[in-house]
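Colleague: These are the residues of each chain, in order.
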Amino acid sequence: MLFNKRTERYFVWVFFPLALLMPLFLEQNTFYVSKLTTVMIFAIFVMSLDYLVGRCGLITLGHAMFYGLGGYIFVIIAPEYEAVNFWVYTFYICVIAALVALIIGFLVLRTSGIYMIMITLAFAQMAFYYFSDSIDFGGNDGVFIYVKPDTSIFGISLFDLDNPIHFYYLCLLSLFNTLFFFRLVIRSRFGRVIDSIHENPGRTTALGYNVFVFRLMAYTMASALGAYAGYLFTLQYGFVNPSMLAWTTSGSALVMSILGGMGSIYGAILGTLVYEGLHYVLEHLTEHWLLFMGALIILMVILFKNGIAGYLEKLLEKRS
Amino acid sequence: MDTKKLLHTLLAGAVAGTLCSQALAANEDPIKVGVMLPFSGIYAALGDAGRNGLKMALKEHAQALHGRQIEFIEMDTEARPERAPEIASSLLDQHHANFIIGPVHSGVAMGMIKVLKDKDTVMIIPNAGAAAATGPLCAPNIFRTSFSSWQPSYPMGKVALDNAYKRVVTMSWNYGMGRESLDAFRESFTAGGGEIVKEILVPFPKTEFQSYLSEIGSINPDAVFVFFAGGGAVKFVKDYDALGLKGKIPLLGSGFLTEGTLEAQGPSAEGVRTTLHYADGLDNEVNNKFRQDYEQMFGKPADIYAVQGYDAGLLIANAVDQLGGDISDQAALIKAMEGAHLFSPRGEITFSRAHNPVQNIYLRQVENGQNKVIDVPAAALEDPARGCKL
Amino acid sequence: MTTSLFFVQLINGLQYGLLLFLIASGLTLVFGVMGILNLAHGSMYMVGAYLAWYFVQQTGSFTLSAIISAVIALAIGIVVERLLIQRLYRRNHLDQVLLTIGMIFVFNALQSILWGDDPLGVQVPEAMSAAIPLTDVVEYPVYRIFVALVCVAIAAVMYFMINRTRLGMLIRAGESNREMVECLGIDISRLYTIVFAIGVMLATVAGVIAAPMSSIVPGMGEHVLIACFVVVVIGGMGSIKGAFIGALLVGLVDTFASVLMPQLSSMMIYILMAFILLIKPQGLFSS
Amino acid sequence: MNNAVILETEGLCKHWGGLKALDDISLKFHDRELHGIVGPNGAGKSTLLNLLCGHYKPTSGKIVHKGEAIDAIKPYAFARRGIGRSFQKTNIYPSATCLENCCVAVQRRMGGSFNFLRSRYRQQVLEEIATEALEKAGLGQRRDQVASRISYGEQRQLEIAMVLATSPCVLLLDEPMAGMGHEESQLIIELLKTLKREYCIVLVEHDMDAVFELSDKLTVMVDGQHLTTGTVDQVRDDPRVRDAYLGQGDEVY
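Chains as they are written, first to last, in the UniProt record's numbering: chain A, 1 to 320; chain B, 1 to 390; chain C, 1 to 287; chain D, 1 to 253.
The hints are simulated quantities; they were obtained by calculation from the structure and are not laboratory data. Here a beta-carbon is modelled for each residue, glycine too, at the ideal position from N, C-alpha and C. Do not rely on the hints blindly, as some may be mistaken.
Stated by the list, open to error - A partial selection of chain C residues facing chain B, derived with a Cβ cut-off under 10 angstroms:
#1 1
#2 4
#3 15
#4 53
#5 108
#6 119
#7 135
#8 136
#9 144
#10 187
#11 189
#12 217
#13 256
#14 259
#15 262
Stated by the list, open to error - Within a straight-line C-alpha distance of at most 25 angstroms, the following computed DSS-like cross-link-like pairs (lysine-lysine) qualify:
#16 148/A with 389/B
#17 335/B with 114/B
#18 119/B with 389/B
#19 280/C with 74/D
#20 335/B with 119/B
#21 117/B with 148/A
#22 89/D with 57/D
#23 117/B with 389/B
#24 57/D with 280/C
#25 289/B with 55/B
#26 196/D with 89/D
#27 28/D with 57/D
#28 148/A with 119/B
#29 305/A with 5/A
#30 74/D with 28/D
#31 114/B with 148/A
#32 74/D with 62/D
#33 196/D with 20/D
Said to hold, decoys possible - Chain D is nowhere near these chain A residues, computed Cβ spacing over 12 angstroms in every case:
#34 75
#35 203
#36 286
Whenever a hint applies, use it, and build me the whole structure from the sequences.
Modeller: As structure tokens, then:
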């Protein structure tokens with residue numbers, strides 16, 4: 001079974017149908033649709049991080065680099081005043097990001113633990129300052145994308161990216177595909193090796209696997225997906241800013257992923273929803289939302305040992 | 001913030017959202033003013049002052065609103081540009097704000113403009129000076145009550161020449177606002193025969209200035225022109241003094257160097273000369289009253305950010321007054337705003353075709369912890385609005 | 001670059017490095033002994049600067065302010081360790097990351113509520129307001145020399161404590177073998193509380209003594225946090241000696257890069273760190 | 001017995017700084033023989049195994065496998081050449097089932113490890129081979145149990161099963177009976193007796209009874225040096241061996 005945990009099945013059956021119907025209720029208020037879109041895009045990014053950190057044991061604090069690159073690659077390679085094909089550029093961006101990840105992964109995967117955290121951060125900071133200091137790419141103020149790509153395949157346009165509802169469905173589809181994809185990968189034979197490496201890298205080497213190569217593949221794949229999320233984010237409002245690459249973006253993604261339950265993948269969606277939801281509610285309640293946000297995070301760390309997903313799983317176990 | 005009131009507002013917003021199809025008569029609705037400023041993080045003080053000024057102006061000029069109430073919807077940008085489009089669209093699509101006031105940070109401004117440009121709301125920028133906002137990206141519904149980055153720095157080139165400074169080192173953080181300020185200074189300074197010996201761009205938001213200052217010391221120019229603001233300005237002025245440059249090499253700056261920072265800078269700031277579109281000690285009726293009232297209401301002295309917020313409020317009040325309270329016609333509203341003639345604490349201002357204020361730039365010098373006006377190097381200065389097609 | 005300018009920049013770099021060491025030492029100590037990754041370390045630096053400002057306002061004396069702040073820091077350290085950190089010893093680093101990020105939020109919010117968001121400044125104490133001329137133009141303030149000396153002194157005291165005292169012995173033992181320390185009949189949880197409190201105090205003291213030469217602004221903690229991590233990782237997590245060397249390296253590289261390679265200066269310390277980690281994946285002095 | 005030489009070392013040395021952990025060891029390991037290695041603590045037995053499986057790189061000397069020098073290849077390549085090893089401390093995937101543990105081993109050989117999409121559960125052959133390995137190691141009935149829940153002795157068996165699942169030609173076993181009770185040890189001894197008919201086994205073991213019972217050839221090492229190699233009887237009668245073990249108190253045979 002692809003979604004092998006009961007909690008996950010429940011989640012998939014509750015979340016996706018609801019998300020599918022949501023725009024019908026919110027038709028009057030496109031803001032909520034846009035907000036949910038943003039959250040779903042970030043959830044894709046958090047999922048890719050969750051796969052790296054929770055599934056592969058590769059803790060990175062530089063994942064936002066690929067999120068930002070997703071946007072900047074588009075800015076760099078796409079013509080400014082011409083609508084390009086969405087799917088073709090998705091392919092380009094993923095491939096270019098994967099190549100970058102291949103090079104950086106080749107360097108950073110030699111280290112481990114906290115050292116890996118820091119060296120990934122180092123590369124992300126370099127990229128951040130590169131775009132932030134660059135005059136060509138708008139520097140600190142960022143760049144606009146004036147023309148959104150069109151999404152036609154063989155002349156049939158599926159989504160109009162300027163329509164928030166269409167864009168919402170594109171992102172929902174991407175979210176589901178990403179979850180589905182990661183589930184496939186986890187269940188695959190590649191996933192078996194990754195699981196083994198996560199649990200016992202020494203033994204896996206002794207069995208004849210080149211651990212480095214497998215880690216590099218996982219890193220590359222997750223980075224390409226992270227870039228895809230960044231690409232979507234860029235397209236949503238047509239705006240790229242170096243702050244997408246800032247370490248705080250990596251940090252909040254990490255927080256959401258831990259909050260959701262490391263390594264559970266669907267937990268990443270939960271974590272993102274809960275975090276963004278809390279942020280939204282608290283921000284509207286009080287100017288000192290940071291205080292409550294911080295306190296809630298602290299409480300949740302202490303109460304939930306394995307994140308929200310872990311907590312839900314335990315709850316279900318108790319019931320049955 | 002008054003939580004209850006906000007909840008109320010929220011509720012009202014939600015109800016209004018769902019009932020949107022059965023819109024009520026426009027004139028009985030409150031005027032919705034979205035406030036999109038940083039209330040947390042590094043620019044929080046600026047956001048706070050801007051909001052104070054805005055509220056104060058609308059309260060003071062309540063009678064100009066022809067009986068219409070003002071409803072504020074406040075959003076914290078956290079000075080995070082990547083969140084700007086989302087928040088802006090919240091104010092636009094969710095709250096249907098008539099006016100959106102913000103932001104402080106130029107990066108956030110870009111994100112806002114992307115969403116709000118040519119939409120059914122009016123954006124008033126109460127600080128961010130990015131040239132693009134009233135340059136290539138200018139739009140009928142985008143106004144600015146602060147300044148363009150060019151405005152405060154351009155006149156300083158002339159001031160430097162008048163003081164017979166020939167060789168100047170310029171320095172700022174390496175970001176849009178900083179670079180644009182240095183460019184504006186260079187424009188007028190080199191045109192008059194001055195020479196920029198060195199331009200130093202410090203990575204934002206680094207505040208370790210010692211090595212740069214030592215280098216300036218070794219160059220020993222006639223003067224130094226800088227753009228820094230907030231915490232960086234405090235640190236820079238203190239370092240400039242501590243390393244002994246003060247008193248040997250005159251320090252000139254875009255006025256933000258000594259705005260809202262004088263207390264923290266202490267005696268180190270004494271004698272620093274800056275150009276800006278405002279000065280605390282401006283002796284006019286509006287300013288005197290403004291400063292007095294502001295201090296009374298908020299318990300601290302007003303600064304430039306408060307003035308700019310205040311003028312955003314004045315601009316709204318003025319336009320609403322001109323239209324007799326009916327702002328449902330956007331074209332008429334924009335026309336009214338374009339024609340506005342404001343009596344601001346900084347002096348009279350009008351608006352250029354690109355919707356940037358046409359205003360006096362003052363030369364100020366810090367004396368006894370106050371920015372004292374010593375000259376008006378440019379009166380009614382209009383931004384060239386390069387690239388604007390309005 | 002002339003010789004005299006080179007000399008001045010050398011001093012600048014060393015002084016910046018020494019201050020970085022003071023902030024980073026607590027971080028590396030806490031990690032080395034307790035295995036706790038404290039991201040809220042930078043926040044304590046910020047708290048130190050704000051406390052210094054507040055008590056200078058109240059008492060008028062910088063020395064008094066420094067002492068009160070250090071005591072408060074110890075108290076914060078003890079409370080935080082007993083209340084929160086203690087629950088996380090058996091959890092993985094990621095839970096610690098999450099908890100301490102939560103703490104950053106709380107500290108930032110408290111700072112905004114208690115002291116507002118305006119940039120603040122503390123004046124250099126009267127007794128140390130003099131300056132020594134270095135070149136025709138550039139002077140060097142006595143207070144900064146004093147700060148450098150304090151940093152060196154604290155480094156020396158830490159070195160002495162760890163290598164010569166009973167507490168230091170326990171710390172070294174705790175680093176290599178927790179069970180052994182417990183077998184010796186020592187209350188390891190108390191040892192941890194003490195070490196954590198000392199770590200917090202070091203960051204706070206750094207904030208206090210840096211206050212007169214910096215601007216006290218919201219968010220100053222996070223900025224310094226990253227620099228600290230770079231220092232600690234270059235030196236090797238948990239090594240005080242490593243942190244010392246790492247801090248000086250970062251200070252010097254950052255200073256000289258900003259003059260010699262201004263286009264790359266923002267990236268230079270990260271390039272340095274990446275370079276060192278590629279050669280020595282565990283940092284320079286890891287155990 | 002005159003089976004072909006499969007693995008061979010020539011003048012193998014491993015130095016840690018000034019310490020000579022292993023000094024000039026030249027040995028030949030033959031197919032379908034169990035080659036025991038004994039020696040007091042610190043004799044360099046584990047170091048030798050770690051060199052043979054590629055975990056350490058030799059300071060000098062050569063390792064020859066089927067006529068090719070292999071001391072410069074990567075650690076994982078040793079396993080690919082069929083040199084499998086078990087570890088002194090149990091080294092398995094505790095959270096996975098026994099079957100899954102072996103599947104990881106089988107999959108290395110079967111390929112498809114870079115197949116991102118095909119289910120890992122979809123290939124019958126793979127599971128059959130893994131089950132076979134489990135049965136060979138006497139763990140057939142534990143197939144679907146989680147590895148952390150089986151007994152210690154069984155975990156050691158599982159480790160051997162994992163090595164078998166890689167279809168090795170050489171088994172390097174580092175104290176497979178360490179920490180086991182008598183009955184469990186007997187089980188392993190029986191297992192090794194059957195295995196040595198098929199594989200070249202290098203066995204490092206402290207349990208002398210077991211070693212003497214199992215070994216076709218026996219090497220004695222002392223202080224990183226090669227003392228002697230011969231049949232069990234030859235070694236037993238060698239006076240130098242007795243000398244070497246004298247003064248070792250607890251380990252006197």
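Colleague: Each hint needs a verdict: does it hold in this structure or not?
Modeller: Taking the hints in turn, this is what the structure says about them:
1. 1: Holds - the Cβ of residue 1/C comes within 10 angstroms of chain B, reaching about 8 angstroms at its closest.
2. 4: holds (8 angstroms)
3. 15: holds (8 angstroms)
4. 53: holds (9 angstroms)
5. 108: holds (7 angstroms)
6. 119: holds (5 angstroms)
7. 135: holds (6 angstroms)
8. 136: Holds, because the Cβ-Cβ distance from residue 136/C to chain B comes to roughly 7 angstroms (cut-off 10 angstroms).
9. 144: holds (7 angstroms)
10. 187: violated (40 angstroms)
11. 189: violated (35 angstroms)
12. 217: The hint holds - residue 217/C has a Cβ within 10 angstroms of chain B, the shortest such distance being about 3 angstroms.
13. 256: Given a least distance of 8 angstroms, the restraint on residue 256/C holds.
14. 259: It holds, given that the least Cβ distance between residue 259/C and chain B is near 5 angstroms, below 10 angstroms.
15. 262: holds (7 angstroms)
16. 148/A with 389/B: Given that 25 angstroms is the threshold and the Cα spacing comes to 23 angstroms, the pair holds.
17. 335/B with 114/B: Satisfied, since the Cα-Cα distance of roughly 22 angstroms is no more than 25 angstroms.
18. 119/B with 389/B: holds (17 angstroms)
19. 280/C with 74/D: At roughly 20 angstroms apart (the allowed maximum being 25 angstroms), residue 74/D and residue 280/C satisfy the hint.
20. 335/B with 119/B: holds (16 angstroms)
21. 117/B with 148/A: The given pair, whose Cα atoms are some 16 angstroms apart, holds under the 25 angstroms limit.
22. 89/D with 57/D: holds (21 angstroms)
23. 117/B with 389/B: Holds. Residue 117/B to residue 389/B sits at ~14 angstroms (cutoff 25 angstroms).
24. 57/D with 280/C: With a Cα-Cα distance of about 19 angstroms, the restraint between residue 57/D and residue 280/C holds, given a limit of 25 angstroms.
25. 289/B with 55/B: holds (16 angstroms)
26. 196/D with 89/D: This hinted pair holds, its Cα atoms lying about 22 angstroms apart.
27. 28/D with 57/D: With Cα atoms ~19 angstroms apart, residue 28/D and residue 57/D stay inside 25 angstroms; holds.
28. 148/A with 119/B: Roughly 18 angstroms separates the two Cα atoms, so the pair holds.
29. 305/A with 5/A: Satisfied, since the Cα-Cα distance of roughly 18 angstroms is no more than 25 angstroms.
30. 74/D with 28/D: With Cα atoms ~22 angstroms apart, residue 74/D and residue 28/D stay inside 25 angstroms; holds.
31. 114/B with 148/A: The hint holds at about 13 angstroms.
32. 74/D with 62/D: holds (14 angstroms)
33. 196/D with 20/D: violated (32 angstroms)
34. 75: The assertion about residue 75/A holds, with a minimum of 29 angstroms to chain D.
35. 203: Contrary to the label, residue 203/A does not stay out of reach of chain D, its closest Cβ about 5 angstroms off (not over 12 angstroms).
36. 286: Holds, since 43 angstroms exceeds 12 angstroms.
The structure does not agree with the numbered hints 10, 11, 33 and 35 stated previously, though it agrees with the rest.
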